[in-house]
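Line by line, the protein sequences give chains A and B. Note that the numbering used here has the first sequence beginning at 1321, numbered continuously upward. Note that the numbering used here has the second sequence beginning at 62, numbered continuously upward.
Just so you know, the hints here were simulated from the structure itself, not pulled from any lab data. Each hint should be verified, as a subset may be incorrect.
As the list claims (entries may be wrong) - Below 30 Å or equal to it, Euclidean Cα-Cα: the simulated BS3-like pairs (lysine-lysine) are:
hint	chain 1	residue 1	chain 2	residue 2
1	A	Lys1438	B	Lys73
2	B	Lys313	B	Lys405
3	A	Lys1438	B	Lys134
Small disclaimer: the values here were computed from a predicted structure and weren't measured.
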Amino acid sequence: MSDQHVPNDGRLIRLYDHFKREWQIYVLLLPMVIWFTVFLYKPMYGLQIAFKDYSIFKGIAASPWIGFEHFQTLFGSDQFMRALRNTFMISMLSLCFGFPMPIILALMFNEVTNQVFKRTAQTIVYLPHFISTVIIAGIVITAFSPTAGVVNSVLGWFGFEPIYFLIKPEWFRPIFIGSGIWQEAGFSSIVFLAAIAGVNPSLYESAVVDGASRWQMMWKITLPSILPTIIIMLIIRIGNLLEVGFELIIVLYQPATYETADVINTYIYRQGVQGAQYDMAAAAGLFNAVIAFVLVMTANTISKRYSRTSLW
Amino acid sequence: MSGVDLSSIVKKYGAFQVVHGIDLTVAEKEFVVLVGPSGCGKSTTLRMIAGLEEITAGDLTIDGRRMNRIAPKDRDVAMVFQNYALYPHLNVADNMAFGLRIRKMPKAEIKTTIDDVAGILGLTDYLDRRPADLSGGQRQRVAMGRAIVRHPKVFLFDEPLSNLDAKLRTQMRAEIKRLHKRLGVTSIYVTHDQVEAMTLADRIVVMNDGRIEQIGTPMELFNNPANTFVAGFLGSPPMNQVRGVLTSEGAKIGDTEIKIDGVTAADVGRPVTVGIRPEHVALKASKGTSALPIDLDLVEPLGSEALLHARFGENEMVFKAETHGDIAHLSGVTDIHVDASLVKLFDGETGQALNLGG
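Next comes chain A alone, as it looks inside the complex (with noise of 0.2 Å):
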């Protein structure tokens, strides 16, 4: 008995140590364990009413359990399939245009080699970064107007009619995903900025002597070389794919773009807040919660087995 005591009695005693000598380092740890417990892990308790008929006067326990009910009512509603599909596509879309750009935009501030309009472009392509949702979303609707806005009025000068952008279905998802670009690819462009800057520059040099032009050194060295950092932001990117800006189209969608336009984030918020159907909401909620980390999952299995590179 006492053999078998005296390791884990050494272990307690190791962590005890441990533990009096980093204690600041969990000091520092703390206030990220208290917000992931309080806005994360609490709210989790909540999830149940998406398989309770709930109400809000019996409260989350005493609400009866229905079992499926909600998702069956999900995925038998027309206007739920409509903002599942308009979810994939825009993600899809902004996944396909909106990922390259900020890789594209480091690759190119990396290659400007004058100083000062390199830092007077990239505080240019930053500063949207910093700019609300609510104020990004008036200057689209000043932009597309069809009386004063500079797109149009641009379409004028070639003898195009105006055409009514915020309210024609199949602008919306252009308008909503250039906007988006507009607004975070610069900032995002930071992240594969960084990763370039860690680039061994005897890689580069080394590739000089050997002959290389700078085209074939941005293909051949800086882009693989920053392929890690592309992969692990495309798996992030990925786990979120589910997850629409919604405040925006909440500012610009009406429902005469429904059709193009309404997001499960939307509809969450229309059933849900609006409504009052908090238990049909939580389903919805949590259906997209699932998916998004069965894709994080597979995204970075895939990128774990092809590519030796994966968030865990």
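Fit chain B to the supplied structure of chain A, relying on the hints for placement.
Relative to the frame of chain A, chain B by itself:
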């Protein structure tokens, strides 16, 4: 003739001058080592030869052609970097083929060349591996392989062994020397390690503060250092240097006089630095030796020999002595006998070597 000629080469960064007009001629097939302490300008000089740094003034010619304004790729040089500079996303074969593909060499020819060079360097079994899966020595070999496949006129090595452990460094040093003998390509090698310089070089260029202190074969530099800097830089441990004055009999250091021939009346009283190599001493007196009384501090056994750390007056000195398998007899040493014929004298003010009677 693929020699390299540097004529009055100057390098400035703004107002800060790092290389002060150096002149150096490297003959075809010669292995020249630039050696010196950190910041002496040796790597900058090498990078100017490679074309990675612009030459502020002076002329660089390779194979008789002025190269100052020629792009690195057109200089027909290949460089091996300190940290290997291997592309982490490419395997060994692709790393070696990189420069050849850039030059659009036919695929079949690339494969033959890589197979040949991989065979020479013992890398045949590793061609499919990525750099992360190789040991330090293997990575260094790949870096050399990448240079060799190009069949350049000149190899440039920038401290290629400094990231390796001591054992591997010794092994790779021998491989580089063998490879140079086999390929016979003009090579310029930069290192701060005087052992590497001594073992590899046909000729050593000792640099300090952006200037060349001395050029010569390893033994020339070891036996006849041009000044106190070279004397202190080459040799392990370095030469002991003690301040003294010339007398009619030789050189006086402290209360001890070392008998040296050739001191003229005009030289008597001249301040000098007396240089004594740690290995140019004996524990017993013999003809032509002068005794130095010392306070022995420490004995460091190295195996067949030991290092004796001692104080002579205010001076810290190190001597080498044979152990004959035991160091007990060394602990009682009170006198060191200096072979006067091997003592070096340097001017007390300029540090330049004195050639008495010469």
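Outcome of the hint check:
1. In summary, the hint linking Lys1438/A to Lys73/B is supported, as the alpha carbons are separated by about 26 Å, within the 30 Å threshold.
2. Restraint check for Lys313/B and Lys405/B: satisfied, since their Cα atoms lie roughly 13 Å apart, inside the 30 Å limit.
3. Our distance criterion of 30 Å between C-alpha atoms is met by Lys1438/A and Lys134/B, whose separation comes to about 28 Å.
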